[in-house]
Amino acid sequence: MSTIEVKKITKKFGEFVAVRDADLSVKAGEVVCLLGPSGCGKTTTLRMIAGLERASEGDIVIAGKRMNELPPEKRDIAMVFQFYALYPALNVGENIAMPLHFEKLSTEERNKRINSVAKILHLTEVLDRMPGQVSEGEKQRIAVARAIVRDPNCFLFDEPLSRLDVELRHSMRGQIKEVLSNLSKATVIVTHDQLEALTMADRIAIMKDGMIEQVGTPHEVFAKPANVFVASFIGTPQMNLVEADLKSFGKGVASIILGGSAVEMAADPAVSKLRPSKVMIGIRPRAFTVQDKASKDTIHAQSELIEPMGAETLVHARTKTGADIRVVVPREKRVKIGEILHLKPDAKQTHFFGEDGMAVRT
Amino acid sequence: MATSMTIWEKLGFRKASRVGEAGWGHTLWAALVSFIYFLPVLIIVITSFKVQNEALSVPAKFFPTSFFGLIPEQYVFTPTLENFTSVFSRAFTTGGAVENTGFDRYFFNSMFIAGTSVLLALVIGTLAAYGFSRYPLKGNDTYLFIILTTRMLPAIVVIIPIILMFRIVGLSGSYPGIIFLYTAFNLPFTIWMMKSFFDELSLDVEDAARIDGSSELRVFFKVCLPQVVAGLAATFVFGLILTWNEFLFALLLTGSDTRTVPVAMNQAVAGGGIGVLWGLLAAIETLFLIPVFLVTFFLQNHLLRGVTFGTVKR
Chain A
0 MSTIEVKKIT KKFGEFVAVR DADLSVKAGE VVCLLGPSGC GKTTTLRMIA
50 GLERASEGDI VIAGKRMNEL PPEKRDIAMV FQFYALYPAL NVGENIAMPL
100 HFEKLSTEER NKRINSVAKI LHLTEVLDRM PGQVSEGEKQ RIAVARAIVR
150 DPNCFLFDEP LSRLDVELRH SMRGQIKEVL SNLSKATVIV THDQLEALTM
200 ADRIAIMKDG MIEQVGTPHE VFAKPANVFV ASFIGTPQMN LVEADLKSFG
250 KGVASIILGG SAVEMAADPA VSKLRPSKVM IGIRPRAFTV QDKASKDTIH
300 AQSELIEPMG AETLVHARTK TGADIRVVVP REKRVKIGEI LHLKPDAKQT
350 HFFGEDGMAV RT
Chain B
0 MATSMTIWEK LGFRKASRVG EAGWGHTLWA ALVSFIYFLP VLIIVITSFK
50 VQNEALSVPA KFFPTSFFGL IPEQYVFTPT LENFTSVFSR AFTTGGAVEN
100 TGFDRYFFNS MFIAGTSVLL ALVIGTLAAY GFSRYPLKGN DTYLFIILTT
150 RMLPAIVVII PIILMFRIVG LSGSYPGIIF LYTAFNLPFT IWMMKSFFDE
200 LSLDVEDAAR IDGSSELRVF FKVCLPQVVA GLAATFVFGL ILTWNEFLFA
250 LLLTGSDTRT VPVAMNQAVA GGGIGVLWGL LAAIETLFLI PVFLVTFFLQ
300 NHLLRGVTFG TVKR
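First to last, the protein sequences are chains A and B. All the letters of the first sequence, read from the start, carry residue numbers 0 to 361 under numbering that gives the first Met the number 0. All the letters of the second sequence, read from the start, carry residue numbers 0 to 313 under numbering that gives the first Met the number 0.
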């Protein structure tokens, strides 16, 4: 069975802890994205799975076998590197054939395998060229071809699309997803691009400062962020995170002071467990409806900056206490700079975060 | 937009700000400077075709033919191959018997000793450089520094202890002795050169090879080494030129059987008693030039070619 289990792995470089107690399991056929800002330890985690870095603590189990002590060449994995890492002195065909070296195939069988992956990835024409003579997109596809030419336990991708331009990135995303879906192997993709993660992954693990903050389906991490970091990291434009005072809670409605005015807001029943305290309210910019006049469930803010985004318009507004609120309104809705907006948040898309930064949710 | 040409541009000089192929003006300048650099070599080669009194004549006779009377007679000499035959065999006294000078042996010695020691240094040095680059020792830089200190002193300073060491172990005057010495002499340079080439390579490529199932040996031979071919060629040529021309160690540490050309050349010229035979000397030098010239010529493609083909650029 092609699975990956990462159990409480930690990586220390001297005093610096790059990865702390990371837990992750990837089922056969599942694609998991490690997502996080630069330097959060996601590539280190991937390199530990590959065996290119040794885990300081914890276990790495691939296909049911503990692999901690095994060098990369014994782990039976395939990896695609960020900078492709093609062998400059070998031509494209030889590059793709490199992983087959130890399988002792006949020349005929070997060529068959190379030609079949070359066909899948549209590389048949460039097989005789050197890596320096092919385009960026082709280099990327060669790297993928080299990974899938064999039948390894699992696939690892390190920022596979970061070097491509926007258009190529779109088409490669689709191609890689299609190729992976036909292989039913455990796959880990490292990326810092949330769009890439949301579109390609079955599950996303969000990392920050060496810790895995949340693991969930793309839908879960977007709709139910576990904490303030995940809430702020996933989604564009970024979720509004505003400090507020929780006064009381009753009958599913929380009374809070937000931006200098009292607001009554429908909230998750779990909020009732919070004592009156400072909380963080998270509301997606698309979860507001602009009301004509003030009422007790609206937030008041003055528009400061307007950014048309095509189909929608992004409005930056500021509350009396200076908190910045981003609102996405339909294109038809004309907002003027300096106008006071009465914003009614959608209760289902409003998140309460306690003082510890964790989501308060049933 | 009116583009006015300056007088310099009309003469073929390119605008300083523009990038592209140089104009004729710059090219001529470069040709002139190159010619001045090349002049000593040219004079040697021309002199090797002159007999003694033509070699000494003032003004110098520069042309082998008068080009159908275009060049005045006093600048024209009659080319002869006599010097080249007398490199290998000649009469040592006027009217004496023609004897073998032993220069065929000395040329073989020079090629054998320089070739073997530079290749040996290349093999050992490349392995060492890979080690220093990929598996650094504690205090790696200190080791590298110590390696280089062996080349910081002039040869004349270290020659006495070296002669003593060679006498004691009985390597003095033998092929292994001088070959080992030149190997040691070339190693620091080889290690530093090759280390810088290995340092340039992308580690990802090696990691990829490991994941693709390659052993460390295969990573080195199949992945790393092909990427540093230009480095190997350059190091080989520079090492060869240095060793080929080395005089002092060869003078003191080679015997009559293992003598190299620079030493033999010195003796052939100094031992005459009838003054320096310029034509003969020039002929030896011309012959001596040919092997390094050929090696450099055939390796120059590698010397000039970039290594990485742009696959691992960051």
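Hints may contain errors.
What the hints assert, rightly or not - Cross-link-like lysine-lysine pairs, in silico, DSS-like; alpha carbons within 30 Å at most: (1) A:LYS250 / A:LYS223; (2) A:LYS111 / B:LYS137; (3) A:LYS176 / A:LYS246; (4) A:LYS277 / A:LYS332; (5) A:LYS103 / B:LYS221; (6) A:LYS73 / B:LYS221; (7) B:LYS137 / A:LYS118; (8) A:LYS7 / A:LYS250; (9) B:LYS137 / A:LYS11; (10) A:LYS332 / A:LYS295; (11) B:LYS137 / A:LYS73; (12) A:LYS319 / A:LYS223; (13) A:LYS26 / A:LYS176.
Unchecked claim - Here are the computed distance ranges between Cβ atoms for each label pair: (14) B:ALA29 / A:GLY13: 24 to 32 Å; (15) B:PRO160 / A:THR106: 53 to 61 Å; (16) B:ILE123 / A:GLY13: 44 to 52 Å; (17) B:SER195 / A:GLY309: 46 to 54 Å; (18) A:ASP150 / B:SER214: 17 to 25 Å; (19) A:GLY13 / B:SER195: 23 to 31 Å; (20) A:ASP150 / B:PRO135: 35 to 43 Å; (21) A:LYS176 / B:ASN300: 39 to 47 Å.
In case anyone wonders, no lab produced these hints; they're calculated from the structure. Every residue gets a Cβ at the ideal spot worked out from N, C-alpha and C, and that includes glycine.
These are the hints, each one checked on the structure:
no.: 1; hint: A:LYS250 / A:LYS223; in the structure: holds, 22 Å
no.: 2; hint: A:LYS111 / B:LYS137; in the structure: violated, 48 Å
no.: 3; hint: A:LYS176 / A:LYS246; in the structure: violated, 48 Å
no.: 4; hint: A:LYS277 / A:LYS332; in the structure: violated, 34 Å
no.: 5; hint: A:LYS103 / B:LYS221; in the structure: holds, 17 Å
no.: 6; hint: A:LYS73 / B:LYS221; in the structure: holds, 19 Å
no.: 7; hint: B:LYS137 / A:LYS118; in the structure: violated, 49 Å
no.: 8; hint: A:LYS7 / A:LYS250; in the structure: violated, 41 Å
no.: 9; hint: B:LYS137 / A:LYS11; in the structure: holds, 19 Å
no.: 10; hint: A:LYS332 / A:LYS295; in the structure: holds, 23 Å
no.: 11; hint: B:LYS137 / A:LYS73; in the structure: holds, 28 Å
no.: 12; hint: A:LYS319 / A:LYS223; in the structure: holds, 29 Å
no.: 13; hint: A:LYS26 / A:LYS176; in the structure: holds, 16 Å
no.: 14; hint: B:ALA29 / A:GLY13: 24 to 32 Å; in the structure: violated, 53 Å
no.: 15; hint: B:PRO160 / A:THR106: 53 to 61 Å; in the structure: holds, 58 Å
no.: 16; hint: B:ILE123 / A:GLY13: 44 to 52 Å; in the structure: violated, 34 Å
no.: 17; hint: B:SER195 / A:GLY309: 46 to 54 Å; in the structure: holds, 51 Å
no.: 18; hint: A:ASP150 / B:SER214: 17 to 25 Å; in the structure: holds, 21 Å
no.: 19; hint: A:GLY13 / B:SER195: 23 to 31 Å; in the structure: holds, 27 Å
no.: 20; hint: A:ASP150 / B:PRO135: 35 to 43 Å; in the structure: holds, 37 Å
no.: 21; hint: A:LYS176 / B:ASN300: 39 to 47 Å; in the structure: holds, 44 Å
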